[in-house]
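**Student:** Since the structure of chain A is already known, use the hints to place chains B and C on it.
As a plain string of letters, each chain reads:
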Amino acid sequence: MTTPLLRIDGLTKAYPGVVANDDVSFSIGRGAVHALLGENGAGKSTLVKMVYGLVRPDSGAMTFEGKPFAPNNPQEARASGIAMVFQHFSLFEALDVAENVALGMENPPPMRALAARIREVSETYGLPLTPERLVGDLSAGERQRVEIIRCLLQDPQLLIMDEPTSVLTPQEVEILFETLRKLQSEGTSILYISHKLEEIRALCDSATILRLGKVVGSADPKTTSAGELAAMMVGQELKVPTARDHTLGDVALEIKDLSVASPGAFGTSLRNVSLSLRKGEVLGIGGVAGNGQDELLGALSGEIRAPAASILLEGDRIGQLGPVARRGLGLLAAPEERLGHAAAPGMSLIENGALSGWLRRDLVSRKLVDWKKARTFAEEIIETFDVRTPGPGVAARALSGGNLQKFVVGREILQKPDVFIVNQPTWGVDASAAAAIRQALLDLAAKGAAVLVISQDLDELMEISTSFAALNEGRLSPVRSAEGLTVEEIGLMMGGAHGMEVAHV
Amino acid sequence: MIRLEQRAAPSRVWAYLTPLVAVLATMVAGGALFAALGTDPVAAIRTIFWDPVFGEFAFYYRGQLLVKAGPLILIAVGLALGFKAGIWNIGAEGQYIIGAICGAAVGLAFYPMEARWLIFPLMVVAGALGGFLWAMIPGVLRTKFNTNEILVSLLLVYVAEQILAWMALGPLRNPEGAGFPGSRNLRQYESAANNELIAGSGMHWGVVAAFVAVIFAYILLSKHLTGFHIRLTGESPRAARFAGVNPTRLVLFCLGVSGALAGLAGLFEVAGPSGQISIDFNVGYGFTAIIVAFLGRLHPVGILLAGLLMALTYIGGEAAQATLGLPAAAIQAFQGMLLFFLLGFDVLTNFRVRFGRRAMV
Amino acid sequence: MDFGSINPVLLIASLMVASTPILLAAIGELVVERSGVLNLGVEGMMIVGAVSGFIVTVETQSPALGFVAGALGATLLSLVFGVLTLVFLSNQVATGLGLTLFGLGISALMGQEYAQLRTPTSPRWEFFGLNELPVIGPILFNQHPVVYLSLLLVVGVWWFLKTTRSGMILRAVGENHDAAHSLGYSVLGTRFAAIAFGGACAGLGGAFLSLVIVPQWTDGMTAGRGWIALAIVVFASWRAWRVLLGAYLFGGISVLQLNLQAAGFAIPVELLSMSPYLITILVLVIISSGRGRTGGQAPASLGRSFHASG
Numbered sequence: 001m002t003t004p005l006l007r008i009d010g011l012t013k014a015y016p017g018v019v020a021n022d023d024v025s026f027s028i029g030r031g032a033v034h035a036l037l038g039e040n041g042a043g044k045s046t047l048v049k050m051v052y053g054l055v056r057p058d059s060g061a062m063t064f065e066g067k068p069f070a071p072n073n074p075q076e077a078r079a080s081g082i083a084m085v086f087q088h089f090s091l092f093e094a095l096d097v098a099e100n101v102a103l104g105m106e107n108p109p110p111m112r113a114l115a116a117r118i119r120e121v122s123e124t125y126g127l128p129l130t131p132e133r134l135v136g137d138l139s140a141g142e143r144q145r146v147e148i149i150r151c152l153l154q155d156p157q158l159l160i161m162d163e164p165t166s167v168l169t170p171q172e173v174e175i176l177f178e179t180l181r182k183l184q185s186e187g188t189s190i191l192y193i194s195h196k197l198e199e200i201r202a203l204c205d206s207a208t209i210l211r212l213g214k215v216v217g218s219a220d221p222k223t224t225s226a227g228e229l230a231a232m233m234v235g236q237e238l239k240v241p242t243a244r245d246h247t248l249g250d251v252a253l254e255i256k257d258l259s260v261a262s263p264g265a266f267g268t269s270l271r272n273v274s275l276s277l278r279k280g281e282v283l284g285i286g287g288v289a290g291n292g293q294d295e296l297l298g299a300l301s302g303e304i305r306a307p308a309a310s311i312l313l314e315g316d317r318i319g320q321l322g323p324v325a326r327r328g329l330g331l332l333a334a335p336e337e338r339l340g341h342a343a344a345p346g347m348s349l350i351e352n353g354a355l356s357g358w359l360r361r362d363l364v365s366r367k368l369v370d371w372k373k374a375r376t377f378a379e380e381i382i383e384t385f386d387v388r389t390p391g392p393g394v395a396a397r398a399l400s401g402g403n404l405q406k407f408v409v410g411r412e413i414l415q416k417p418d419v420f421i422v423n424q425p426t427w428g429v430d431a432s433a434a435a436a437i438r439q440a441l442l443d444l445a446a447k448g449a450a451v452l453v454i455s456q457d458l459d460e461l462m463e464i465s466t467s468f469a470a471l472n473e474g475r476l477s478p479v480r481s482a483e484g485l486t487v488e489e490i491g492l493m494m495g496g497a498h499g500m501e502v503a504h505v
Numbered sequence: 001m002i003r004l005e006q007r008a009a010p011s012r013v014w015a016y017l018t019p020l021v022a023v024l025a026t027m028v029a030g031g032a033l034f035a036a037l038g039t040d041p042v043a044a045i046r047t048i049f050w051d052p053v054f055g056e057f058a059f060y061y062r063g064q065l066l067v068k069a070g071p072l073i074l075i076a077v078g079l080a081l082g083f084k085a086g087i088w089n090i091g092a093e094g095q096y097i098i099g100a101i102c103g104a105a106v107g108l109a110f111y112p113m114e115a116r117w118l119i120f121p122l123m124v125v126a127g128a129l130g131g132f133l134w135a136m137i138p139g140v141l142r143t144k145f146n147t148n149e150i151l152v153s154l155l156l157v158y159v160a161e162q163i164l165a166w167m168a169l170g171p172l173r174n175p176e177g178a179g180f181p182g183s184r185n186l187r188q189y190e191s192a193a194n195n196e197l198i199a200g201s202g203m204h205w206g207v208v209a210a211f212v213a214v215i216f217a218y219i220l221l222s223k224h225l226t227g228f229h230i231r232l233t234g235e236s237p238r239a240a241r242f243a244g245v246n247p248t249r250l251v252l253f254c255l256g257v258s259g260a261l262a263g264l265a266g267l268f269e270v271a272g273p274s275g276q277i278s279i280d281f282n283v284g285y286g287f288t289a290i291i292v293a294f295l296g297r298l299h300p301v302g303i304l305l306a307g308l309l310m311a312l313t314y315i316g317g318e319a320a321q322a323t324l325g326l327p328a329a330a331i332q333a334f335q336g337m338l339l340f341f342l343l344g345f346d347v348l349t350n351f352r353v354r355f356g357r358r359a360m361v
Numbered sequence: 001m002d003f004g005s006i007n008p009v010l011l012i013a014s015l016m017v018a019s020t021p022i023l024l025a026a027i028g029e030l031v032v033e034r035s036g037v038l039n040l041g042v043e044g045m046m047i048v049g050a051v052s053g054f055i056v057t058v059e060t061q062s063p064a065l066g067f068v069a070g071a072l073g074a075t076l077l078s079l080v081f082g083v084l085t086l087v088f089l090s091n092q093v094a095t096g097l098g099l100t101l102f103g104l105g106i107s108a109l110m111g112q113e114y115a116q117l118r119t120p121t122s123p124r125w126e127f128f129g130l131n132e133l134p135v136i137g138p139i140l141f142n143q144h145p146v147v148y149l150s151l152l153l154v155v156g157v158w159w160f161l162k163t164t165r166s167g168m169i170l171r172a173v174g175e176n177h178d179a180a181h182s183l184g185y186s187v188l189g190t191r192f193a194a195i196a197f198g199g200a201c202a203g204l205g206g207a208f209l210s211l212v213i214v215p216q217w218t219d220g221m222t223a224g225r226g227w228i229a230l231a232i233v234v235f236a237s238w239r240a241w242r243v244l245l246g247a248y249l250f251g252g253i254s255v256l257q258l259n260l261q262a263a264g265f266a267i268p269v270e271l272l273s274m275s276p277y278l279i280t281i282l283v284l285v286i287i288s289s290g291r292g293r294t295g296g297q298a299p300a301s302l303g304r305s306f307h308a309s310g
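Protein chains in written order, with this note's numbering: chain A, 1 to 505; chain B, 1 to 361; chain C, 1 to 310.
Just chain A, same shape as in the assembly:
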C-alpha cells in the first residue's frame, strides 16, 4: 500500500447557495474498504459523482493509479476501472436484466454471451439472476444484484457503493458483506458510502467523515466507537426521543384481510393484510422498499379504494371512502414522497397547508377557500414545528428535505388526528430534524392517538415502536411486541435472505 489507488486532493464543488464539497482530500489504498461517512446533505453523493465523471469539480485534482485523473463522463471513469452501484438505481424497468447490464458496460459481449456470463458470475457470487427477466418485475434486493453484477462484470479496480443496504434485509446485508470481503481479498478497492455506523464498523478499514461538505476527520472504524463516529458526523450531541409511559386504549383502526391491486405497472399488490391498532400505540411496519409500503399507505389514506369492510375505523367500515371523507373521520396520513405526493412542489406552503388541511381546519366555507385562514394555518405549522423558511409564501420545492418533512408531518399532526399513518417519516432528513419528527410522533401517541409508522429504517422503528410487523411481497407478518425483538427475528419477518446464498468461491 505504498501508492494509493485513488487520491483525492482538495476537491471543491459549489452549487448556487451551497458549497457541496469544500476542499475535500483523502485517499483509498489498493484492496482497501474505505468508508465515506456523513449525514444526508453532507456532500457524499456529489463527491462520488465527481469520481465517477458525472460532475466536474470546480477545483482540486484526483490521481488514479498514480496518474492524474479527471474523467469527463462516466464512460471514461468506467474505462479506467471504476464501477458504481447507485443508491437510486440506474435501472430501466421495461428492459431485461441482460440489457440493463449491457448498458452499464463499455464493451459488452454479444447478448447471448453476456447472458451466459451473467448466469456464471451471479452463481459464483451467490446473487442468482435470470438474464431474460424484466427488471420491473424484480424486487428491490434483486435489482441491486443487477447493479452489482453489472459492476463485477467489468472487473473494476474501484467499486463505489452508495448506501447499498437501505434496500436489504439484515440477512441480505450479511451476504452482501461476504461478497464485498471476497472482492476485497481479490484486490478490489471499495468506497463505501453510508450513514449507518454499525455497518461501517463491521466492514471498513478506514473512514473519512464529511459534514456540510468538509472533511471533519478520519478514523479507524474498527477501533472507534459508534458514539464517537456519530459525534463526528453530526457535530453535536443528539437528543434521543423519549417515549413517555402510557397505557394503550381501545382499538382505533382495524384492517381485516385487506387485498388491493397496486395501481402501478410494476408495483406490489397487498395480500390479506390484517392488523389492529390501539389508541396510544405506535405500530412500526418494517420491510425492504417495494414490498407494498406505498400501497398500504394508499389504501389507508383513501387514495386506493378497498372493500368497505376491510378497513374499520372505530368499528365503522371505511374501506370504500376517499381521502376527504377519511380525514373527516380523523384518519390522516403522510406519504413517503414529500415532493409530488405529500406536497405540490411549485405551490406555496400556504396552498400546501390547505391541500390536506382545509376540511379539519375549516379553511373552506361554501366551497370558497379562505386564504387568510390558510396562511395562519401554514404559519402555525412553521412556528410549532420549527420549519426553516423565509415565510409561508415560499414554494415547497425551495425547502430542504428535512424542513419540508417537518412541514408535512406537522400539517397532519396539527389537525389532531385520531389515527395517523406515516410512511418513511425521516427518509433523507438530517439527524436533528429526524429526532424532532420522531419526538412529535411519540407525543402524538402519548395524547392518545393511534400511530402507524411505515419505515425502512429499523433503528428508527426500534426507537419509537411499541409493536412491530414487517411487509414482505405485499403480505404483513403477524404483529409482535417490539420489546425484546432481535435483529435476527426482524430479518426473518422481513423475508430473510430471499434466496440469496453466500459467495461460492
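To be clear, the hints were calculated from the coordinates, so they are not data collected in a lab. Since we're looking at a predicted model, the values are computed, not measured. Hints may contain errors.
Unchecked claim - Derived Cβ-Cβ restraints for the label pairs, each shown as a range:
no.	chain 1	residue 1	chain 2	residue 2	range
1	B	247	A	462	35 to 41 Å
2	A	443	C	166	54 to 60 Å
3	B	247	A	329	19 to 25 Å
4	B	238	A	329	21 to 27 Å
5	B	197	C	258	46 to 52 Å
6	B	11	C	241	36 to 42 Å
7	C	297	A	16	37 to 43 Å
8	B	117	A	320	43 to 49 Å
9	B	13	A	480	54 to 60 Å
10	B	113	A	393	54 to 60 Å
Where is the CB? At the ideal position from N, CA and C, for every residue including glycine.
**Tutor:** Quick look at chains B and C alone, frame taken from chain A:
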C-alpha cells in the same frame, strides 16, 4: 457555456414579462419574414399592430376587435381550465362547430315564429349543450377507457367538419336559397339574431359572455375549492389524489366547461357575425384560442388581453392583406411563431440562465 | 348493391399507396416516442414536408430532389421543436401543438404561388416484367419507390431498436432518462437525433402526399393524417410491425370509403368521409381499454422534460 439553473420558486417578474418579450420577439422575427416576402417590415408591423387601433380607419376596426376577440376569449378561458390541470382539449374547433349547429338548428326550427324571449335563450342553451356533449365524448372515453383525450378531441374536429358540410348541404339548407349551400341567415330573423348591442362597438352577447366567463374563471381559480384542485392537479397529479381530488370528475368538469364555452362561442357567432351555417363557417378560432390561452399564461385576465391582441393580428392581417398584399396565411404563421417564442421564453420563469464555465456535461 | 365495381387487387395496391404517408409519419414518431419525447407536431411537419417537396419538384423538375427537400424541410421544423423542448424545457404538448399551427401557416404561405401547378410524375418500379403477374404483380412489383422505402424503414426501425446498441440506448433514454444520464449517455443527443429522424420521416410522408397521391399542392392537404399517425403509434403499442398493420388498416378504410363513394352507394358522402376518423377513435378506445390498469407499454419517460440537476 450557458446553462439553466432551476429557480427555487417561479419568478413572478418573468411570469408577467414573458408574454411581452415574446410579442416583441415575434414582431422582430415576423418583420424578417415579411421582409423575406418582399414587404416593408416596418409598414407591415404598423399595419397589423398600430393602424387598426389608432389609424385612419380605426373607427371600423375597433368594433371588429371585439367581434374577433369575443369567441377567442370565450373558448380560451375554458381551455385554460383544462390546460392548467393537464387535461388537453384541443378539439375546441369541433365543439364550436357543433355548438353553432345545435343553436342554429333550434333557431331555424322555430322559423318564422317571432318570440325572442323564448327562442334566443333556447338557442343559447342548445349551443352550450351541443359543445358540452361533443366534449363529453373525449371526456367519457378518457375516464371510462383511458383513451387519450388529445387525439380523440382533435379527430372529432374532422368529424364535426363533415357534419357541418352535411348540415349546410342537407337538413339546414335554406329552402328559399335557390339551391345554394348554407342555411337561412339568422341575422335577418329577429327572434334568433345576435346583433350588436351598441351600434359600431362590435359588442354582442358573445362578447358579454366572454367577459362574464373571464370573471367567473378568475373567481373559480383564485378562490373556489374546485379551482384550487384544478391547479393542484396540474402541479402534481399524485398530490391531488392524496388531497382527495376525484380525477374522473375533474376531467369531465374541465372538458365539459371548455366544450360548453366553445359551443356558446359557436352559437353567438352563427347567430351574429357569421349569420348562417355554411361549409366554411369555422375559421380556426378553436385552434387560435389555444395560442390565446398560452399567451394569457392560462390566467383569465391574461387571456382577456391575449384575446384582444390576437384579434388585432387577425384584423391587422386582413388590413395588411388589402393594403400591402400580404398573404392571408402569413398571419397564421405569425401566430404560430408567437406561440413558439412564448414557450421558449417561458423557461425564464422557472429557470435562471447562467453564463460561465461552471457547467457540467 | 353492386360491389362488382370494386376490384380487390387494385384496392390492395392502392391502399398501400394511400397508407404510405401515414406509415412514414408513424414510424418516425414511434422512434421519437421511444426516446421519451411526445411530438404532437406531426401534422405540421407533414404539411411542411408536402409543400417543400412540391416546390422543389416544380422548380427542379426532379421528384427525387423533391422528396429530399420534403424530408429536410420537416427536419428543420422538428429541430425547432427539439430546441424548444430539450433546451428551453418547454411543455412538449403545447410545443407540439404550436408546431402544427405554425406548420399549417407557414406551408400555406410558402405554397400560395404553387397552388395550381402540377409536377412531373416519378415512375413506378416495374421489376423486369414481374409486375405483369396476376394479383401479386400490381401489389408487390409495381409500386412507387417510396412505398418500398417505407417498408424498408419499418424493418430497419424494428431491427435498430431490437438488436443494436444505439437502439438499446434510445430505449433506455425513453424509459428512464435520469438513469441513462447517470450512466453517462447523452439524453439530449439521443433525443435530438430521434426528433430529427421523426421530422424526416414525417416530411417524406408529406412529400409523398403532394407528389404522388394527390399530386398537387392545396392548403391543409394533410387533413389530419399527422394526428392519425399519432393515434397509430398508440394503437401499435410502440412496436414497429404493428405500426405497419395500423397504417395499412387505416389506408384500407380510406380507400374503401372512397371506392364506396365512387360506386355511389346510398350512404351520405359525409358519413363515409368521416369514417376513417371515427374508426381511428374506435380503435384507440379498444386498444386503450384492453390495456387495463397497467397503462400499456408507453415509454416511462414519455412527455417528461429532462434537466440534469446534478
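**Student:** Which numbered hints does this structure break?
**Tutor:** Those not satisfied come down to hint 6.
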